[in-house]
Amino acid sequence: MIIMKNITFFLSIIASISLFSQTFPDKLSYQTLITDDEENILANTSVTIQISLVIRDALGDMRAVYNETHRVKTNNIGVTSLMIGNGIKPPSFRDVSLIDLNWDIPHKIEVRVDLDNDGEYDIYKESKLLSVPYAIRSYSTSEIDVVDNLSSHNSEVPLSANQGRILSERLQTKIHKNKIVDNLNSNDATKVLSAAQGKALKDEIDHLHLSSGSSLGVDVLDELTSTDASKALSANQGRILNEGLGRKINESKIIDNLNSTDATEVLSAAQGKALKDQIDKKLDSSLRVDVLDELTSTDASKALSANQGRILNEGLGRKIDASKIIDNLNSTNATAVLSAAQGKVLKDQIDNKLDSSLRVDVLDELTSTDASKALSANQGRILNEGLGRKIDASKIIDNLNSTNATAVLSAAQGKVLKDQIDNKLDSSLRVDVLDELTSTDASKALSANQGRILNEGLGRKIDASKIIDNLNSTNATAVLSAAQGKVLKDQIDNKLDSSLRVDVLDELTSTDASKALSANQGRILTQIIHSYPLNIAHKVLILRH
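Using mature numbering (1 follows the signal peptide of the UniProt record, and there is no 0), the letters of the sequence shown correspond one by one to residues -21 to -1, 1 to 524.
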């Protein structure tokens, strides 16, 4: 048995490609020279060599992405050769091959040698993998479909690295749940108060007995003319403002160019002025046309207004084209109508009392098997509506070359695709997509569905920059820190007189001018105001002890 703990070895990676695979190269030739600490060659020695390829992950930690073990013997000059890719892999790397690795990022190779073949590795060496054979690199870059948005519900599609980066950046600005405290004793200005503690504060406020002369009384105004920032806006005025906002045009809908095809957008005043200047300066007066909004004029030099054009167009839509009027009973065109002359002929036949044998019974149901009966127009209408919901046989195609979004794929073509998927796709190109967040396997991809769930969760978080530790802010979107909540709690414990209490409403339907609008409703109105081109003076409630 060889017992040498200070043995050193020299490694060399030959960047050549094994040609043993007929489909693609997935192996690397590797040689190592093993010597002892006195540089004596260990010739004709059986050893176990473990090969690991490692990368630095997004957190900066080194992580193995490939691992295998070889049982080899050195030659008479202490050199052993092996093929990376032919070794024995542990279960966690059993389905991983060299072409599965992302060769766009730097790799290191770690080599461990077990001299005694007892499972304990006596020698360790690490070095950079300086070159990657072109064929492995080009094959490993085969494209995999990923999505670059968070709206997909497909748990089989991986999320793009770009979206992962965006989610990671946004997570850094969110508040962790351990920052939510359920008491008023914290002095940490970065923490926020829980909803339960907020409710407890509200209950205490509702039962307070405020002392007379307190500076916390708030005057509630039911008008918008005051410039006094110490006054509060009534819930009634909040409701009126909210209704007014609903009738305004969003600022994002005002455009300053003539290229938009969006019918919901409006032209800016600047663009309107530019058009007016062009009209005043460039159009010759001889090209001007008087536009009339009526149909009585006989003046051929006048133009018909767009409004009248619309009315005429709507009228035409209700008219029957003359080519659709036929004078016989042989047509099978359901869009044609019978002429008055033909109608008269039919009327004469009816008046001559045709033999009852020519009469046809009309049925308003579809169960009869009597071929002498006629189907009612009502049943014809029902059948026609049903046909409108069916797929036309001409829309079923048996190939994959169509770009028609209204066509559907035949079952035969679906089977062909299924067979191709089952028989032809190489398992090495597959990416395991997980629809959960508990895995620590960095080789797995996050499903777009989980990305969407994360994105929705982010939308419900409070940005850490919105936590303030004072009562002087006029920003209605900010939240009070737990430390500041403790200060308020101490003030509440001093039992201020209830005669200055103001009822606060968290809705916009009240017309009671004595009520105050809640900070939550103020925040909602502020968010809406910031998205519209309005210049509304914000009324701020400033509380001072």
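Since the hints were derived computationally from the structure, they do not count as laboratory data.
Incorrect hints may have been included.
The list that follows gives simulated cross-link-like pairs (lysine-lysine, BS3-like), each with its CA atoms no further than 27 Å apart [said to hold, decoys possible]:
| no. | residue 1 | residue 2 |
| --- | --- | --- |
| 1 | LYS369 | LYS107 |
| 2 | LYS232 | LYS255 |
| 3 | LYS181 | LYS465 |
| 4 | LYS170 | LYS440 |
| 5 | LYS440 | LYS156 |
| 6 | LYS68 | LYS104 |
If you're wondering where the values come from, they're calculated on a predicted model, not measured in any experiment.
Verification of the hints:
no. : hint              : in the structure
1   : LYS369 <-> LYS107 : violated (63 Å)
2   : LYS232 <-> LYS255 : holds (21 Å)
3   : LYS181 <-> LYS465 : holds (14 Å)
4   : LYS170 <-> LYS440 : holds (13 Å)
5   : LYS440 <-> LYS156 : holds (10 Å)
6   : LYS68 <-> LYS104  : holds (19 Å)
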